[in-house]
Structures are given as structure tokens and as C-alpha cells.
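Colleague: Quick note, the sequences are listed as chains Z and U, same order. So in full-length UniProt numbering, the last one in the first sequence is 360, and the numbering has no gaps at all. So in full-length UniProt numbering, the last one in the second sequence is 360, and the numbering has no gaps at all.
One or more hints might be untrue.
Said to hold, decoys possible - Derived DSSO-like pairs (lysine-lysine); straight-line CA-CA distance at most 30 Å: (1) LYS169(U) to LYS280(Z); (2) LYS350(U) to LYS205(Z); (3) LYS57(Z) to LYS94(Z); (4) LYS350(Z) to LYS350(U); (5) LYS175(U) to LYS280(Z); (6) LYS169(Z) to LYS85(U); (7) LYS57(U) to LYS93(U); (8) LYS205(U) to LYS169(Z); (9) LYS169(U) to LYS205(Z); (10) LYS169(Z) to LYS175(U); (11) LYS330(U) to LYS205(U); (12) LYS85(U) to LYS169(U); (13) LYS146(Z) to LYS169(U); (14) LYS175(Z) to LYS93(U); (15) LYS205(U) to LYS350(Z).
Stated by the list, open to error - Residues from chain U shown here face chain Z by an in silico Cβ test under 10 Å; the list is partial: (16) ALA223; (17) ASN249; (18) HIS271; (19) THR276; (20) LYS280.
As the list claims (entries may be wrong) - Per label pair, the in silico range of CB-to-CB distance: (21) GLU285(Z) to ALA218(U): 27 to 33 Å; (22) SER39(Z) to ASP232(U): 39 to 45 Å; (23) ASN300(Z) to PHE283(U): 18 to 24 Å; (24) PHE283(U) to LEU89(Z): 29 to 35 Å.
In case anyone wonders, no lab produced these hints; they're calculated from the structure. No residue lacks a Cβ here, since even glycine has one placed at the ideal position from N, Cα and C.
There are 2 protein chains.
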Amino acid sequence: MADLPIRIGIVGCAEIARKVSRAIHLAPNATVAGVASRSVEKAANFAKANGFPPEAKIYGSYESLLDDPDIDAVYLPLPTSLHHKWAILTAEKKKHLLMEKPVALNVAQFDDIVKACEENGVQIMDGTMWVHHPRTQKMKEFLNNKELFGQLKSVNSCFSFYSDPDFLKNDIRVKPDLDGLGALGDAGWYGIRSILWAADYELPKTVAALRGPVLNEAGVILACGASLHWEDDKVATFHCSFLANLTMNLTAIGTFGTLNLTDFIIPYQEHEASYTTSAKPGFNELVTGWVPLPSEHTVNVSLPQEACMVREFASLVQNIKKNGAQPDKKWPTISRKTQLVLDAVIQSIKNGFEPVEIVS
Amino acid sequence: MADLPIRIGIVGCAEIARKVSRAIHLAPNATVAGVASRSVEKAANFAKANGFPPEAKIYGSYESLLDDPDIDAVYLPLPTSLHHKWAILTAEKKKHLLMEKPVALNVAQFDDIVKACEENGVQIMDGTMWVHHPRTQKMKEFLNNKELFGQLKSVNSCFSFYSDPDFLKNDIRVKPDLDGLGALGDAGWYGIRSILWAADYELPKTVAALRGPVLNEAGVILACGASLHWEDDKVATFHCSFLANLTMNLTAIGTFGTLNLTDFIIPYQEHEASYTTSAKPGFNELVTGWVPLPSEHTVNVSLPQEACMVREFASLVQNIKKNGAQPDKKWPTISRKTQLVLDAVIQSIKNGFEPVEIVS
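Bound conformation, chain Z alone:
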């Protein structure tokens, strides 16, 4: 008998929840079970506008969704400042938790959330989609290939998007009491994650913010960057910004190989995604061209990355529900490392750009 799909309830009608509710619908082992808003009308409109199944429930409060025994798991797209309260409550209500990034305002908050999940035996995973794309696995195989890629030496990552005056005045991502981590939390999260991903999640020894971060009047970061340094001389830089054109570049360079892509967070197209590798290139005799040329690789996609994410989450939840398995620790560990580096960037900015030692 096939496992029953995991019934996921959505807490909050955020814009990103539209994409994720479709992903839940597409994932073969999950179903959209309901949506909660502080306004029942808003929740009903959201369900209608996003084609929810007729059996999906509408809740006029977050609590009522969390209290419903017909909900297995919760997708939490609330502003970062609300994560601590609602993630812990979700865990206490024995609901598994898929939560948006940044996972918390700082690591201490996230540790509280993880503790609540552990105490209540529920799975936690953050909503970073691109790591679940089949392309990401293919790229990782290249980075792990000691003969073609060698040893990782450097990473550069950039995520920026241009925000109009309305965004810069009104979006929750520029409000200190909502998504107070600003561009660092929203865009820099991906840069940090991509660097850690390339480094097999080995934490750097130190993190130093680049000088000249741009803050708004309320002190929220609109653009910043940082460099990460490891004991073995690996170095990585990232830049994130609300003030520059949409760009999603990732470059990882090893002793023998290079990986390049320019759409690592959201692939240009849903049905396929590409990346470029170069392995042991040299020059022709007079150094007027490369030999061999880089290779472009295209990965066909049967399930979009956000649905792969939901499928992975639901699979872990099924394993707990059906087999009594322990919640998987890999995903919260990765979330925590990402937040740890993010916290270090903020601390370095506060410390006048001095390097901050990472203590896990």
C-alpha cells in the first residue's frame, strides 16, 4: 500500500507561498492540506487564487491550523522576526516544519527552534530550494571528482536583484522589525549556503565582512559582502544586494577544475538547467586560445526544484510517521551553519570589519 501523502498546512499567505503551494501539489508524496491567515477571507482568497484542492481547509488563525490533527506538517513563510515564536509552537504542536530562510534572526534563536523540534520528534528543514535541484547533485559530483576538479581553492557567489522605490520603502525585507537581516538574510543566505555547499559544509575558520555595506535609514542591510577563510587557504567571497540587477552567479575553482553558472538559485528555465565545467584546461601553443574548451552540461527536470524540496521533506516525515525513524539531522545542521556564518558577517560589520572566528 502506498504511503499516504504528507498533509502540509501553510501558515501565512506570503508571496513565496504561492510557489511553494504549487510545489506541494506537484510533489508526489505531499498534499496541500490548508492555509492559515489572521484573516479567514485572505486565506480563502489565497486558496482560491492558487488552485487549492477542494478538501484543503481554510483557517482564520495560525493557531487553529497548528491545532488541527489532520495537518502533518507546516510550511512557514512568515517574516524572520516571527520564526522563533511560530516555529517553536509548530514543533510543540507536533507538526513537522518546513520553514523559510533565513531560519532565524540569529543562531541562538535557531537553536531554540531545533531544540523544540528535537524534543517533539519533528523534522525541520529550511526552504532553500536550489540545493534540491538535480543539477546541484550533478555539479557536486564534479566538485567531488578529485581528478577533474582537484581540491577546492576558491568560491565566489553573488545574488543581487534591483528593487524599486516601493520595495525599498515598504517591503518586509527592509523593515528592522520584520525581516531585519535585510539583503544579507534574504540574498546573502544563498551566497553563504552556496559557499558552504561547495566546501562540503566545512565551516570557515574566519569570516570578515567587506567594507562599505549599504544600510537604509533604519539600519537594515541593503547590500554587503564578506570573505570566508579556511585553515587550508581556501577562500570565498560573496556579495548580496537589493540595489543591483538580478544576478545569481556561482563560481567554484579547484586545483584542476572550475564550475561556473549564472542562475544557481532559480534556474533560467524550469524544464532544464545548465552549468559549465572546465577541467585541466591549458592553452594552445601560442597562448591564443584554450585547450580544451569548457563543457556545458544540461540537466532535464521532471520535477521543479521546489517540488524536489517538498518531496525530500515529505519523505523524511513519512519515514518518521511510518517507520518511527528519528528526524534527520543533516538539514538543520546545514541551516545552522548558514546562520552561523550570517551572524559572523553581522558581527564583523559591527566590529569594524575585523575577522570573526567561527566557533560551531
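We have chain Z already, so just place chain U on it with the hints.
Modeller: Coordinates of chain U only, in the frame set by chain Z:
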């Protein structure tokens, strides 16, 4: 009557001189007039191996080439530590000067060279080839397009190549008394130049070296990076290394557009070169793809970039010789700015990675 081609003599049989002697041969307004080495046999072998014209002369000393009235201009591919002496002597002998990069060990030395060139009325240009590629002009048109690219916000540049143990032990680029600026002078030069190029050669206000540069036992830089900062919040980073796979990435991001290429210094192929632009991209409705997709542009090449460089140099020299024009100041100004930033990176490394103010 067509102008006579500029007769260029090559001082030193460096590996790079093979490529440039072919470029001189290909340039329509220049001719390979001779080559000098401290060994006449080495010079003769070099001329033979590189298909010099029969009328090209062989010199057993640098001085004899500089003294020859049949030489109009000199290409100087000597180690950096020898530039000051031989570039000044070249100018004093009234020979126009095409010299390899980095132009000097520091700006003070380069200022001496420029002074000698000015006093003797000779042209000076450095050997940075990629800025002469027709692709570079096309890319600049995109960066200058206020509607499609907007205002420059950030640049990232990377040039690395993997060096084998023999290089790391014996190459002149790891010897403090020869190319003592190491990877910064050899590879970082291009990163700095590309950033200045994207910024319309506006000097940054401050430069800060990234932490963790890698030095060899003699103190020569094998890998390092830096961030550059302007008053208007523009920021740029570059990384250079002898220890990581061949990579030549350049990304420039404006408010509305992004330029990406991965072979900016030496194009993958000689007969054509590409770059990618993205202008005002957004997402589709559910943020699962980009609209519009980036555009790839390919520029066909009739003359390789190094020959375009020689053609430009020879054209300036012809203008001086034939029309009595003043030497062009654009190229030495650009060289000097590049060296100024390079010096600041070294100073920042020495100062414990504190930012260094750029005073032109």
C-alpha cells in the same frame, strides 16, 4: 603613399615574446625588425623558431638594439625588476615603448619611466591585450548604455591558473628579485585592470586586501584578493592565484544589467569571442524562471587581440613620426592607475589588511 610600417625590436626572448612577435607580424602597420638577447645564439634561434622575416636583425645585447637607428619602437618583455632600467634607457634612445605588465615594481618607478618617455617624446603603452579586443569595445557599449545597464554597482574578477611544482620553484614570477609582485603582478594586474575598465577608469577611494594571501618562502604572493570601494558605494573584488585552475571570470553588475564572461583575458578561441548580457530581467509569475533570458553575443575577429594592440601602438607611433603629434597620454594613465591599485593591495597586506586610500 601608405605609411611605412613601424619597425619594432624585441628586447629579450621571453615566452610571451613569441605571441607578440606573431602579433607584430599580423598588425598591418608594424613589422618585426629584430630581436636582442644577451646571447646572440639565443636571439638567432628565437628569430628562426618564430618565423621572423629575413630582414629582421639579431642583436647580442639589448643596448645594440636600442642603438640601432633602424628600430622605431621596442617591445619589452623583461622581468618586472628590469623594467625601470631598460624602459628608461629605451626612452632615452628615442625608441617608442610597448612594455609587458606589470609595468614596474611600484608607481614611483613607473613615474620615472613615464617621465623619461615624456622628455624624449616617445609613446608608451603596456601589453595588456584584452582591452584591445573588439569584444571589449562591444562590452563597453553595453556598460555605457544607461537604459540597459544603468549605473555600475559591482564588479568581480578572477584570474587564476594552476602552476606545477616546477613553476612554483623556478619561474621568474615566483622570484623576489625578478617578477617580485608574483601572482598579484602577473594575474592580479588583469583583475585590477578589468575593474578599472568597468568603472571607466575612475579610481576607487579605498582598496583593502582580503585576508589570507598565500606567499611562498621568499615572500612572493602566490594567491591574494582585494576589495575596491568608491564614494558612490560601487564595490569590486578580485582574486588572483597561481594555485587554482585556469579561470578568467569577469562580472559587472549595474542597476539594470549584468555582463558575464569567463575568458576575458584570453578568449577561448581566436576567431571569435563571446559574452553574455542580461538587461532588466525579472521572473515569470511564480518565480520559477527568468524573463527575459540573458543574451549571448559573439564577436567575430579578423585580427587577434594582441595584433589589435600592436596596431593601436604602431598607429600612435606613426602619428608621432609622420604628423609630429604628441604621444598619447591615455595608455600610460591607465597603466599608472592599475599600478596604483596594485601598490595599494600590497600596502594593505603589509598594514594588516587595513584599507588604503588611493591618492592619485
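Colleague: None of the hints should be skipped; say for each whether it holds.
Modeller: Hint check:
With a C-alpha separation of about 20 Å, the suggested pairing of LYS169(U) with LYS280(Z) holds against the 30 Å cut-off. For the proposed pair LYS350(U) and LYS205(Z), the alpha carbon gap of about 21 Å is at most 30 Å, so the pair holds. Restraint check for LYS57(Z) and LYS94(Z): satisfied, since their Cα atoms lie roughly 19 Å apart, inside the 30 Å limit. The straight-line distance between the Cα atoms of LYS350(Z) and LYS350(U) is roughly 24 Å, inside the 30 Å bound, and the hint therefore holds.
A threshold of 30 Å between alpha carbons decides the hint, and for LYS175(U) with LYS280(Z) the separation of about 25 Å falls inside it, so the pair holds. For the suggested pair LYS169(Z) and LYS85(U), the alpha carbons sit about 59 Å apart, so the restraint of at most 30 Å is broken. Taking the CA atoms of LYS57(U) and LYS93(U), the gap is near 18 Å; set against the 30 Å cutoff, the hint holds. A C-alpha spacing of about 29 Å is found between LYS205(U) and LYS169(Z), which places the hinted pair at or below 30 Å, so the restraint holds.
For the hint linking LYS169(U) to LYS205(Z), the alpha-carbon distance of about 29 Å falls within 30 Å, and the restraint holds. For the hint linking LYS169(Z) to LYS175(U), the alpha-carbon distance of about 55 Å lies beyond 30 Å, and the restraint is violated. Between LYS330(U) and LYS205(U) the alpha-carbon distance is near 21 Å, which keeps this suggested pair within the 30 Å criterion. For the given pair, LYS85(U) sits about 26 Å from LYS169(U) by alpha-carbon distance, which is consistent with the 30 Å threshold.
Distance check on the hinted pair: LYS146(Z) and LYS169(U) sit about 24 Å apart at the alpha-carbon level, within 30 Å; holds. Proximity of LYS175(Z) to LYS93(U) is assessed by CA-CA distance (about 66 Å); at most 30 Å being required, the pair is judged violated. A threshold of 30 Å between alpha carbons decides the hint, and for LYS205(U) with LYS350(Z) the separation of about 22 Å falls inside it, so the pair holds. Evaluation of the ALA223(U) hint against chain Z yields a held restraint, the C-beta minimum of about 7 Å falling below 10 Å.
Proximity of ASN249(U) to chain Z holds as hinted, the smallest CB-CB distance being about 6 Å (cut-off 10 Å). This hint holds: HIS271(U) has a C-beta 9 Å from the nearest C-beta of chain Z, less than the 10 Å allowed. Interface restraint check: THR276(U) against chain Z, minimum CB-CB distance 7 Å, threshold 10 Å, status holds. Hint on LYS280(U) holds. Least Cβ distance to chain Z is approximately 7 Å, under the 10 Å limit.
As the Cβ distance of GLU285(Z) to ALA218(U) is approximately 31 Å, the hint placing it in 27 to 33 Å holds. A hinted range of 39 to 45 Å for the beta carbons of SER39(Z) and ASP232(U) is consistent with their spacing of about 43 Å. A beta carbon spacing of about 21 Å between ASN300(Z) and PHE283(U) agrees with the range 18 to 24 Å that was offered as a hint. Between PHE283(U) and LEU89(Z) the beta carbons are some 32 Å apart, a value that agrees with the proposed interval 29 to 35 Å.
The structure shown violates the earlier hints numbered 6, 10 and 14.
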